[in-house]
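*Asks:* Below, each chain spelled out in residue letters.
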Amino acid sequence: MSPILEVKDLQTSYGTVNVLAGVSFTVEQGETYAMVGESGSGKTTVIRAIAGLAPAQAGSVKFDGQEIRGVGERAMRPLRKDIAMMFQDPTGSLSPRLTIRNLITEPYKIQGMKDRDLDAEAKRLLELVNLPAHFADRYPYQLSGGQARRVGVARALALEPKLILADEPTAGLDVSVQGELLNLLNDLRERLDLSMVIITHNLNVVRHVADRMGILYLGRLVEEGTTEAIFHEPRHPYTNCLLSANPEPDPDARLDRIALKGEPPSLVKRPTGCEFRDRCPMASDICTQVPHWEVTDGHGVRCLTPRHL
Amino acid sequence: MSVTLLEIDNLSVDYETARGDLKALRNISFDVNKGEIVGIVGESGCGKSTLISAILRLIAPNTRFRSGEVRFKGEDLLTRSESEMRGLRGGDISIVFQDPMQTHNPVIAIGKQMTDIQHRSNATKAEKLATAAKMLGAVGIPDPELRLGQYPHEFSGGMRQRIAIAMALMSEPDLLIADEPTTALDATLEVQIIERLKDLQRDLGCAVLFISHHLGVIAELCDRVVVMYAGAVVESGTVREIFHNPKHPYTRRLIECDPGHIKERARILPTIPGEVPDLANLPDGCIFRDRCDQAMDRCAQVPPLARLSEGHNAACWLNHAEEVA
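Those protein sequence lines, which keep their order, are chains A and B.
Residue numbering for the first sequence follows the numbering used here, starting at 4 and increasing by one per position.
Residue numbering for the second sequence follows the numbering used here, starting at 10 and increasing by one per position.
One should not assume that every hint holds.
[What the hints assert, rightly or not] If the Cβ cut is set under 8 Å, some of the chain A residues that face chain B in the computed set are:
1. Ser42
2. Gln60
3. His137
4. Asp140
5. Arg141
6. Asp177
7. Val180
8. Glu183
9. Thr229
10. Leu245
11. Glu251
12. Leu263
[Said to hold, decoys possible] Just so you have them, the derived chain A footprint on chain B, three or more residues with Cβ under 8 Å:
13. 20-31
14. 111-119
15. 163-175
16. 178-187
17. 258-269
18. 307-317
By construction, these hints were calculated from the structure, which means they are not laboratory data.
Where is the CB? At the ideal position from N, CA and C, for every residue including glycine.
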């Protein structure tokens, strides 16, 4: 079976700022793929470019075998039925003047599906995300952060999409409710056979939902593999740094921390050679050469001195 | 013998609203000793921000102090005049706010902002600039002299937060309040900030009141921890007691929910079902009762914050099992 999403060498520049320098990955039917990166790594641009909401000057985005990069708004609109976005800011992405009923049934109106019983659909969608039916008459300001997120999920699911693009689905949520949202996503994916791309900077969160993940640095994947492989045998030093930068809720945790030096370099003036070398704890002379993407056993890495090999 | 620097004693604060009084803080008591790092942990709506504004008396007009004292070096801040408070803020007590992108004035160079806040000092302008450069260096900003002429937008988020820390520490305060200083930052930068804060605290010896919802950061940085829920202290103790021997169900569940705690891939993640109660319309009894899976009849009464062992307090009837109800 062909993958539901196939992204090849996707490139985006804003003026001279080269945000995505060639990103390639595939998502199989029913798979959850996590794109992990820090501020400025280009992770949001990746999903916005896939959805046609950000420019992509080169490369290819195939959805269900069909090329969708640069096809224009008119061709994109019917496709948005199949590709749903979940935006980062839960309350900010909901119009404050619409009721929850209107918000979650808006997609039907946009797609011209006038024959639907919108009240029934609203009820069905609220039930799907475990919100009580009377929430249909509420306004966004009457919701907690976790509830607003679930409305975002309901809205994304309205048109029974094949692919969901979720931007930081748990950012800003309290720990006691963030599990709820992840459980919901896991559950929905099994019930509805959804494929998902989740964007996040929090490795701990995606560990429990992603099948595979890619680590993005300066608009390039530096490592990709199954979630197991990334956590148990990370090969790129940057992935190592990310994994060890997670303070544990245990005062006696042995800190075997690999400190990351400095801050991400400017995209306007990309470093030569390996782009991570100025911050890399393992950097050596060889790193002035440009590392290539190498894949062994389905585990890809862009590093001249990878670990665990 | 440790010397108490800040004592919050039975502090209760309401907000007057159209729906009635919102009881934002109820009978809060804890101490911060000299040179100690105390963490306040709690989720949205637990009263962390109200507590900070109450300590600094930077309060909204509808705030009402209902009871209690905030004693700093033995003197109640709530009875001080506004001009006395102004003298304390940014002097003996300083603060680092959550959002590093909005704490600096965007149209004034960093060096000028850093000399302006030394307005109490009699040093010359050149000396003030030298102090500013020294502090920038201390928080790990490279080429500090050159960067003094730059504007906030020329620094990254992590650098801006380090500059905010530098500015807060310039007056060599006795107490630094840090309000979620790493929440807006990436994990790798968060770690950098925490390590920096630890080093500076060791060098300067100031006490830190560190507010965060991130348990991992609290565990790593703090000596003692105060756990807040819906405007009340539910547990307080040394960092080891809180994380290894939690005595309140909320603390226990909160630690369980932290995804950093779950090492193996889980299909179903732990959560705390339910919502924080409405503080304008408080339920009877224990504030956590509706969400607690160990609630019992006795929880219809408010449990006191009881001392369980030296330096470990919890407000839960489960710790009073042997006593007659």
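*Asks:* Taking the closest Cβ pair, is His137/A under 8 Å from chain B?
*Replies:* At 15 Å from the nearest chain B Cβ, His137/A fails the 8 Å test, so the hint is violated.
*Asks:* Does the CB of Gln60/A sit less than 8 Å away from some CB of chain B?
*Replies:* violated, 26 Å
*Asks:* Are three or more residues of the segment 111-119 of chain B within 8 Å, CB to CB, of chain A?
*Replies:* It is violated: at least three residues are needed, and the segment 111-119 of chain B offers just 0 whose Cβ sits closer than 8 Å to chain A.
*Asks:* Taking a Cβ-Cβ distance under 8 Å as contact, does the segment 163-175 of chain B have three or more residues in contact with chain A?
*Replies:* holds (count 4)
*Asks:* Count the residues of the segment 20-31 of chain B whose CB lies closer than 8 Å to any CB of chain A, then report whether that count reaches three.
*Replies:* The restraint on the segment 20-31 of chain B is violated, since only 0 of its residues have a Cβ under 8 Å from chain A and three are required.
*Asks:* Tell me if the interface restraint on Glu251/A is satisfied: Cβ within less than 8 Å of some Cβ in chain B.
*Replies:* holds, 5 Å
*Asks:* Would the hint on Leu263/A stand, with a C-beta cut-off of 8 Å toward chain B?
*Replies:* holds, 5 Å
*Asks:* For the hint on Leu245/A, just tell me whether its beta-carbon gets within less than 8 Å of chain B.
*Replies:* It holds, given that the least Cβ distance between Leu245/A and chain B is near 7 Å, below 8 Å.
*Asks:* Next item in the hint list is Val180/A. Is there a CB on chain B closer than 8 Å to its CB?
*Replies:* Hint holds; Val180/A Cβ to chain B Cβ min 6 Å, cut 8 Å.
*Asks:* Would you settle whether the hint for Ser42/A is holds or violated, based on the nearest Cβ-Cβ distance to chain B being less than 8 Å?
*Replies:* holds, 5 Å
*Asks:* Next item in the hint list is Asp140/A. Is there a CB on chain B closer than 8 Å to its CB?
*Replies:* Violated: closest Cβ of chain B sits about 18 Å from Asp140/A, beyond 8 Å.
*Asks:* Against chain B, run the beta carbon of Asp177/A and see if the smallest gap drops under 8 Å.
*Replies:* At about 4 Å, which falls below the 8 Å cut-off, the nearest Cβ of chain B leaves the hint on Asp177/A intact, so it holds.
The structure is inconsistent with the numbered hints 2, 3, 4, 5, 9, 13, 14, 16, 18, although it conforms to all the rest.
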